[in-house]
Amino acid sequence: MKNEEYRNVWVFSEVKEVALELLSLGRQLADSLGVELGALALGNGAEAQASEYIAYGADRVYVGQHPALSRFSVEPYTDLIAGLAGQHRPEVLLIGATKRGKELAPRVATRLGTGCAADCISLTIEGESRALQVERVVYSGNALAMLTYRNRPQVATIPPGIFQRREREENRPGEIILAELPIREPRTRVREVREKEKGSVNIEAAEVVVSCGRGLNHPEDIQLIRELAELLGAEVGCSRPIAADLQWLSEDHWVGLSRHKVRPKLYIACGISGQIQHIAGIRDARIVLAINQDDAAPIFQSADYGIVGDLYQVIPALKEAYQRIVKRES
Amino acid sequence: MPEMIVCFKEVVDERELKVNPKTQELMTEGITRKISDFDLNAIEEAIRIKEMHGGRATGVIVGLPECKPSIKKALSMGLDRACLLSDPAFAGSDTLTVAAILAAAIRKLGPFDMILCGEASTDGFSAQLGPSLAERLDLPQITAASQVTIEGNQVVAERSLDDGIEVVEASFPVLLSVTKEINKPRLATLKQILAASKKEVLEWKAADLGLSTDAVGLQGSPIVLKRVAAFRMERKNIRLEGTLAEAAERAIRELLREGVL
Amino acid sequence: MLNLSFSEDQELFRQMVREFAQTELAPGYLERAKREEAPREEFRKMAELGLTGINIPEEYGGQGADYVTIGIAIEEIARADINCSYPIAVGGLGGGAFLKHGTPEQRETWLPKITRGETLLGLALTEPGCGSDAAAMKTTALREGDGYVLNGEKSSISFVNCATDFFLFAKTDPKAGARGVSCFLVPMDAPGLTTSIFHDMGCKPIGRGALALKEVHIPASSLMGQEGRGFHLVMEEFDYTKVLIGLMCLGTAQAALEDAIAYAKERKAFGKPIARFEGVSFLIAEHATRMEAARLLCYQALWLRDQGKPHTKEASMCKWWVPKISAEAIHDALLIHGHLGYSDEYPLEQRWRDVLAFQIADGTAQIQKIIISREILGREYLPY
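In the order they appear, the protein sequences are chains A, B and C.
Residue numbering for the first sequence follows this note's numbering, starting at 433 and increasing by one per position.
Residue numbering for the second sequence follows this note's numbering, starting at 16 and increasing by one per position.
Residue numbering for the third sequence follows this note's numbering, starting at 210 and increasing by one per position.
Simulated from the structure, these hints should not be mistaken for lab results.
Glycine residues also receive a C-beta, built at the ideal position from the N, C-alpha and C atoms.
Check each hint, because a few of them may be wrong.
[Said to hold, decoys possible] Here are the in silico distance ranges between beta carbons for each label pair:
hint, chain 1, residue 1, chain 2, residue 2, range
1, B, 217, C, 213, 30 to 38 Å
2, A, 464, B, 217, 35 to 43 Å
3, B, 225, C, 249, 56 to 64 Å
4, C, 317, B, 220, 19 to 27 Å
[Claimed, not checked] Listed below are the simulated DSS-like cross-link pairs for lysine-lysine, each with C-alpha atoms no more than 25 Å apart in a straight line:
hint, chain 1, residue 1, chain 2, residue 2
5, B, 33, B, 123
6, C, 481, C, 533
7, A, 697, B, 65
8, C, 254, B, 65
9, B, 251, C, 474
10, C, 477, B, 251
11, C, 578, B, 37
12, B, 214, A, 693
13, C, 481, B, 33
14, B, 195, B, 37
15, B, 199, B, 33
16, B, 37, B, 206
17, B, 83, B, 214
18, A, 693, C, 474
19, B, 206, B, 83
20, B, 83, B, 251
21, B, 83, B, 123
22, C, 518, B, 37
23, A, 697, B, 199
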């Protein structure tokens, strides 16, 4: 099959909110290619979702309602998505990079004999070849790789929260198609689902660290830091005074040259002035966000992003913004 | 007595990465190479399973002939034998093509009960190898396993997902990809290092696996790597102005765009 | 033929030890270094990895490797925590001594316990009035029934805070000089043996201190080797610990130099990294050169030992020179860091304090130079 025989952009995520973000991205790509935007809605309530997807930019939605699709399972989902893509030949297939999306996309791509790029943060169409060009972070955040595709469909997974959903458009025209395809039962069986337990501190291995310093007024206010950390899946860190002088946190949390040197993707310094010992401990953080009341605090010199303000107000605002933009009940 | 295959790979030690100041490209030449972190967890898990249930664990790696010290390390930890898939034609293979090479070798190695691999590699972190390999070999997959138990001829595993823990089971043969939390990889003693020299290392090329050189490597891979550019390490010093709510919203959006949240 | 490379196995071993040391030992070095408490938990982990029985044969649970390999382990552990490298040296020494001078029963009893880390040996040679001049030793071990009775005082002994047993040297013939000295195995809990700890400026976890022996009764089976051959045992077996001391200091200095290199690349003055100023970069170049030479000297001495060749001269060269250049390298690494290096929150001053101990321990520079001169010029030019 020649590349030119593939047309249209498709999106799928088992999480509705992520699907809406992908629709926004997919719409842009479809428009620049001058093709239709398709979406896949699988499982329980798929039909209701389908009309939502149209309101958010899809021209066509394929609905799958087989009992084996009622909860996500990679094998039947692969059967259906790869089956549909084989029939209808989209040129681009975007899948939300949730953990489930990430186990699905490579299986689908492999079955279709094509390539897949994971966790793409930038996607553009190269004019003449109509090829998708993507960028993704590699080497633990040290570098950015630019990739393109030889085959079709071009499969990419997109991390949640990177693209904003479009405005909802009532009465947007679109077609809903019921997909009937052979689906096999999954060979894995779910025994139990439960909440995640909290692990012990390993701050040096943490991907995100929310850290606090002298800007905190009372030991019980650590809770504020913990809440933000929990929301972001982060470990709690602190500067020397909190661990050594005040002993509000154990030394496991102490970030600085003489204790733990951290190398997270993101370091959020809340109410930390930014003494050199502390800065040396966060040298390897990829991005530093600093929150401090003092406009002249040295921490801002060592930060990528800075918010001047009272951490007691900034942290709740950050939590609210994060919840609104990213976190959602699935 | 499960027959196990462990897939592992070598990556550059990212702590040693340097940037060419002129081109902003990443220089990966001459940097220490090591076994990718999560793959060490996969090796360790296979050894633990072996210690409890017996069986055999074979390591399979696609790499340059220079990766032999890493193979020796894996054997020192306790794998029984290793299989090096090395061919100049493999150079430039994308992840799914590496999965195809591994699949060909695993078929050639014969029947097995479990394939273990790391959830993702520390260089690319795409987490694609496991699922792609499972698809090639038509196996059920359990990705992101943070705990594994063997019950007769089936595996029960806890999966660490975005929204919780899922306990799943599957009968042999099955593919598992493991997280860093599953165990702490052991360090070999000198005695084990010396003993590893006596273990078998198979070496296969594309032809041994019945793979056409057009189907692998740069020309056989659907994904083309155009460029790897360094992130600039200097701090950006951007003040987020406006009301607190505006500043907070901008902060979250910027962090998402940076790919760090 | 000259071949200066380590074997593939040794390289892999070095990598393993480094991984262990950098993850398990390095983070807590500074904190532990300030306490007069032996790092027992760390010692236990090292024994688990087989680091206390590197030269002990497999039949006793050891690794059955050579002295060069011990050197590799010591260098890597010291890069993370010099105090933790000490039991490897002592384990190697004890292992070697039992293999060569111990009775079959002693080997059976002691070697497995050393490899498992259950036995930690201290070395009790020095006395308040004598160090390298063993002939002047005052402690006595006199025959009584089928055992010995020990009386005297030992000073400047390592591991007084944690050793299970000591190789203790005492005169079985008080009238004889060096030929009257014998070596005994004395348990820490022997009745009549009391200890006291010195409060040193560095190497606090190693627990330097004194032993007082008052009517300490030990069985005849505690004699190591033959009566009157104790000093000979010191000379023959303990030469190479001088080399290991060199590698301990060198590993520590290497860590300091690497810190200085990283800091010099980062710290800016006049708009550029201070590493671009020759006042800094040449300093680094000079220390790196000396340290490279020192490393070659140390491994050559260990290699000579592995070949069964004399290495007294080389060992003494290691002992006086390597701790000295290591201390100097750490000193300059500290200065490169400016005030940051002067802070006790930063490991440089601690490393400097720690290596100073080894300019004194196991014979000063002066005694080493006397030995080297004797080896080069001949006995007839000894000053005494």
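Checked hints:
For the hinted restraint 30 to 38 Å between residue 217(B) and residue 213(C), the CB-CB distance of approximately 33 Å keeps it satisfied. Between residue 464(A) and residue 217(B) the Cβ separation comes to about 49 Å, which falls outside the hinted range of 35 to 43 Å. Checked against the given bound of 56 to 64 Å, the beta carbons of residue 225(B) and residue 249(C), roughly 57 Å apart, stay inside it. Range check, residue 317(C) to residue 220(B): about 52 Å between beta-carbon atoms, so the 19 to 27 Å window is missed.
Proposed proximity of residue 33(B) and residue 123(B) is contradicted: the alpha carbons are some 39 Å apart, above 25 Å. Taking the CA atoms of residue 481(C) and residue 533(C), the gap is about 32 Å. The hint is violated against a cut of 25 Å. Between residue 697(A) and residue 65(B), the direct Cα distance comes to roughly 36 Å. Violation of the 25 Å bound is thereby established for this hinted pair. This hinted pair checks out: residue 254(C) and residue 65(B) have alpha carbons roughly 23 Å apart, not beyond 25 Å.
About 20 Å separates the Cα atoms of residue 251(B) and residue 474(C), which keeps this hinted pair within 25 Å; it holds. Only pairs whose Cα atoms come within 25 Å are accepted, and residue 477(C) paired with residue 251(B) is accepted, the gap being roughly 18 Å. This hinted pair does not check out: residue 578(C) and residue 37(B) have alpha carbons roughly 53 Å apart, beyond 25 Å. Simply put, residue 214(B) and residue 693(A) have alpha-carbon atoms about 39 Å apart, too far for the 25 Å limit, and the pair is violated.
The hinted pair formed by residue 481(C) and residue 33(B) meets the criterion: a straight-line CA distance of about 18 Å does not exceed 25 Å. Simply put, residue 195(B) and residue 37(B) have alpha-carbon atoms about 36 Å apart, too far for the 25 Å limit, and the pair is violated. Restraint check: the Cα-Cα separation between residue 199(B) and residue 33(B) comes to about 29 Å, which exceeds 25 Å; the hinted pair is violated. For the suggested pair residue 37(B) and residue 206(B), the alpha carbons sit about 47 Å apart, so the restraint of at most 25 Å is broken.
In summary, the hint linking residue 83(B) to residue 214(B) is supported, as the alpha carbons are separated by about 13 Å, within the 25 Å threshold. Distance check on the hinted pair: residue 693(A) and residue 474(C) sit about 18 Å apart at the alpha-carbon level, within 25 Å; holds. Proximity of residue 206(B) to residue 83(B) is assessed by CA-CA distance (about 18 Å); at most 25 Å being required, the pair is judged to hold. Between residue 83(B) and residue 251(B) the CA atoms are separated by roughly 41 Å; this puts the pair beyond 25 Å, and the hint is violated.
The suggested pairing of residue 83(B) with residue 123(B) holds, with an alpha-carbon distance near 21 Å, which does not exceed 25 Å. For a cut-off of 25 Å, the pair hint linking residue 518(C) to residue 37(B) is broken: about 53 Å separates their Cα positions. Between residue 697(A) and residue 199(B), the direct Cα distance comes to roughly 22 Å. Compliance with the 25 Å bound is thereby established for this hinted pair.
The structure shown violates the earlier hints numbered 2, 4, 5, 6, 7, 11, 12, 14, 15, 16, 20, 22.
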